[in-house]
Amino acid sequence: MARVLINGARFNSSVASADPNAKLQELSQALAKEFPNKDSNPAVREAFEAKLKYELAQSGFSYYKTNPGDARKMFEDYIHTKEHAVGTADLWRKISLYVFVPALLLVGINTYFIEKEHAEHREHLLHTPDEELPREMEFQNLRIKDFFWGDGDKTLFWNEGVNRHVRND
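Numbering-wise (the working numbering), the sequence shown opens with residue 473 and increments by one.
If you're looking for bench data, these hints aren't it; they were derived computationally from the structure. Watch out, some of these pointers could steer you wrong.
Quick list of in silico lysine to any residue cross-link-like pairs, SDA-like style, CA-CA up to 25 Å [unchecked claim]: (1) K525 - S500; (2) K588 - L576; (3) K554 - W564; (4) K626 - R615.
All chains, full assembly: derive it from the sequences and hints.
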């Protein structure tokens with residue numbers, strides 16, 4: 473691996489070439505034609521250096537020092553992460569199918585029977601005369617003025633099967 477020094481930064485070449493300095497000189501000369509006043513203007517100089525770094529990276533040079541051992545370890549960690557992800561996804565699929573689905577079925581069955589009892593109780597209350605119902609307290613269903621719809625006593629979301637209001641006039 474060849475190292476090249478550009479403006480105090482090291483560039484490592486992973487491309488096998490006879491002379492990496494020649495490649496650097498060639499790129500610098502080609503880019504110098506694009507940026508003719510790079511030495512007089514700092515903004516143009518920064519653009520020139522950025523373009524040079526980009527072109528070097530495209531041709532197989534890297535701006536950072538590379539270490540094959542670290543690269544291998546990173547690749548092994550990546551492979552391990554992929555294998556772990558496959559196992560974890562499979563675990564959550566099994567949990568979803570064998571735990572959550574039966575739990576939802578059991579909760580649904582329980583809810584069905586409880587709501588069935590509630591429906592029977594509501595049906596019984598529909599046939600109960602108003603006199604047998606407990607009297608409302610003074611603070612319940614206060615009406616300062618009647619609603620402007622219907623008979624004025626029922627709220628907007630009144631449900632005859634559930635709501636019941638006995639006027640104690």
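Do the hints match the structure? See the list:
1. K525 - S500: Within the cut-off at roughly 10 Å; holds.
2. K588 - L576: Roughly 18 Å between the alpha carbons, so the hint for K588 and L576 holds.
3. K554 - W564: 16 Å, holds
4. K626 - R615: 10 Å, holds
Violated hints: none; the structure is consistent with every hint.
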